[in-house]
Structure formats: structure tokens, C-alpha cells
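There are 2 protein chains.
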Amino acid sequence: MKKRSLGAKPLIYPQPVLLIATFDNKGKANVMNAAWGGIASSDPLCVSVGVRPSRHTHDAIISRNAFTVNIPSQRMVQEADFVGMVSGRNLDKFVEAGFTPITSDVVDAPYISQCPVVLECALLKTVNLEAHTLMIGEILDAKVDEDCLMDGDVPDIHKIAPLVFDSGSRRYFSIGQKVADAFSVGMSRHK
Amino acid sequence: MKKRSLGAKPLIYPQPVLLIATFDNKGKANVMNAAWGGIASSDPLCVSVGVRPSRHTHDAIISRNAFTVNIPSQRMVQEADFVGMVSGRNLDKFVEAGFTPITSDVVDAPYISQCPVVLECALLKTVNLEAHTLMIGEILDAKVDEDCLMDGDVPDIHKIAPLVFDSGSRRYFSIGQKVADAFSVGMSRHK
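Chains as they are written, first to last, in my numbering: chain A, 20 to 210; chain B, 20 to 210.
Honestly, the hints are just simulated from the structure, not real lab data.
Among the hints, a few may not be true.
A pair counts as met if it fits within one copy or between any two copies, since identical chains are not told apart.
[Said to hold, decoys possible] Calculated cross-link-like contacts (lysine-lysine; reagent style DSS-like; alpha-carbon spacing at most 25 Å):
#1 197 - 178
#2 28 - 178
#3 47 - 178
#4 197 - 45
#5 144 - 178
#6 47 - 197
The model shown is predicted, which means the values in this text are computed figures rather than measured ones.
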């Protein structure tokens with residue numbers, strides 16, 4: 020199949036919808052929407068999230084050395100999209116979005132009660148990448164809604180129902196059907 | 020809903036399946052499977068990918084200052100899973116997986132002809148995170164199969180059919196239905 024060259028485009032598939040929650044230097048809870056992040060290392064277990072220096076969240080993370088990563092369910096798509104379009108500098112986004120902030124018991128940041136999965140992170144390192152600062156946070160705890168867990172504390176992706184962000188078309192999608200078991204389906208290619 | 024504390028777990032949803040392709044110091048094309056990566060900054064436009072120092076790909080990226088990020092389609096799930104389970108040190112994974120390496124015209128790395136989306140990246144920075152090195156690469160070009168493009172050069176996520184990796188259950192999923200338009204559905208919450 021012939022490929023077309025599109026120039027520099029951020030075409031990673033799938034991209035997540037991450038709600039990053041912080042306390043600012045006045046102690047006000049705030050939240051932003053980030054698609055640009057993921058797991059960065061297994062030990063220490065870290066996430067990385069790109070945050071523009073102009074964002075209110077940027078200085079909040081640095082002043083508190085902490086943030087939470089909250090995974091919204093697809094039923095929260097309106098609220099998740101909303102918090103990505105306004106600044107928390109002059110607005111209480113938790114109130115406007117109808118989110119309930121719960122103060123983390125392990126880091127100096129709030130998490131969003133309504134999100135089925137939350138990761139509580141201590142800031143480990145920042146990497147200056149000009150337009151964005153990469154915030155690298157160590158995951159100290161993951162909390163998951165009890166009704167989203169299968170046997171053995173394994174989260175059920177269809178009950179969590181996370182959003183997929185498609186940055187190419189600027190649309191949100193849901194998770195589809197199971198395709199295969201990982202670390203398993205490829206075994207048949209072993210000679 | 021009551022949350023259960025699961026300790027430090029890499030519960031980002033969704034996670035991608037990224038095939039990282041390189042030339043090693045002998046010029047041999049190699050590929051690994053990485054779920055831990057994403058976009059890191061918009062300017063310079065960068066990706067970050069966590070790679071263990073023990074991986075053959077690790078030194079290949081550093082010796083060539085380049086790598087490609089290839090998005091496999093779900094029809095390639097067996098091959099994508101396979102290249103995540105074996106090392107390219109003593110095996111030609113391109114041959115074993117049936118992948119065709121195409122030498123990039125912009126960076127010193129191959130890409131996978133069969134993957135519908137490829138990002139050609141120049142290594143910009145490395146960040147030591149102990150178990151993994153975060154490889155930060157500037158995206159110099161994105162190439163997409165012509166039959167996966169909609170009008171106006173926008174890639175069609177359902178034609179690309181990327182895999183979703185669920186690290187909690189160790190399963191691959193497909194992309195589901197459209198949920199909403201981004202930067203739009205949240206507007207109704209504006210007062």
C-alpha cells in the first residue's frame with residue numbers, strides 16, 4: 020500500500036483522555052485534560068504527561084510536587100471535553116464540571132471521585148521540551164471503582180469504558196471488542 | 020462508588036501498541052513492541068517511548084540517533100505480539116514476523132511497510148528512569164497508507180484499526196464507535 024507523507028503530525032493511536040488534577044498554590048483544586056501522556060518506566064513506576072507552561076496546572080504541579088491522573092468514563096465525555104477548553108485560573112472547574120474532589124491520602128493533590136480509575140503521582144522529574152514540559156510522576160497508588168474490578172483485582176476495561184482520543188479527526192471513540200490475549204497470540208509464530 | 024486501592028499499577032487507559040523499528044550498529048533492521056509511549060510535546064513535535072536498557076533496540080536508537088514508531092493494524096496482532104516476546108539480538112525479527120523494512124528517507128531507521136501509520140523520529144533527548152530509558156524523538160514525518168485517509172488527509176481511525184493494549188488484563192482490544200466530537204461536546208457546559 021502506498022503511503023502519503025503528511026509532515027510532522029502527532030499520529031499515535033490510540034491516545035488516552037487523561038484528567039490531571041492538582042491543588043494550586045492557594046489550595047484550590049483544578050483539573051485539565053491531557054491526551055499527551057503514558058507510562059514511562061516500570062521501576063520506579065512512572066507516568067509522563069506533557070503540560071504547556073502557560074497552563075494553570077503547570078505551576079500547580081511544580082509547587083505541590085504532585086498530581087493525579089484520572090481516567091474518565093465515556094459517560095463523562097461532556098465534562099472531560101469541557102475541562103480541556105477553559106482555564107482554571109479564574110474558574111472553579113471542579114464545580115463547573117460537577118466533579119467531586121477527594122484529597123489523596125498519599126500525595127498533595129485531589130482526585131476526581133467520578134472517575135473509575137485514578138493514579139496518585141509524586142513529581143519525580145521535569146523535562147523541558149519547549150512548547151510542553153514533560154511531567155514525570157511516580158505512581159504511588161492506583162485506585163479503581165470496586166464495580167469495575169473482575170476477580171483477582173483486575174480492572175475490566177469495558178466497565179471502566181475509557182475514552183479514546185483521535186487527534187487526527189478530533190473525535191472521541193469507545194473501546195471495541197477483544198482482539199486477542201497479549202504475550203500469547205504471537206506464540207504461534209515461534210519456530 | 021467506593022474505590023479499591025491496588026498499589027502502584029500502570030493503569031493508563033487506553034495504551035497503544037507501538038512497534039519501534041531501528042537499524043543496529045551492524046545495519047540490521049530490528050523491531051520491538053512498546054506500550055509505554057505517547058506524544059510528549061507539540062513544538063518540537065515529539066514522542067516519548069520507554070525502552071529497557073537491556074533491549075537490543077536501546078543501543079540501536081542511541082547509536083543511530085533515530086527510530087520509527089509504527090502503528091500495527093489489528094489484522095497484524097499476531098506479528099505485533101510476537102515481536103514483543105523475542106529478542107532481535109540473535110534473530111531477524113523482520114523476517115520472522117514477515118515485515119518488510121523500508122529505509123526511511125528522513126532518519127537513519129527502517130519503517131514497517133505493512134503498518135498503516137509510521138512516524139519517523141530523530142532522537143532528541145534521553146531521560147534515565149532506572150528500569151527504562153525514556154527515548155524522546157522529534158517526529159520529522161508521518162506517513163499514512165493512502166487507503167486509510169479521508170478527505171483532507173485526515174486519517175480514518177477505523178481503517179487504520181489500531182490495537183488497544185490493556186495492561187491490566189494483558190489483552191488487546193479494537194477501537195469502538197464514535198462517542199463525540201472533541202473541543203465541541205463540552206461547549207454545552209459553558210455558562
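Structure versus earlier hints, numbers of those that do not hold, lowest first:
3, 4, 5 and 6
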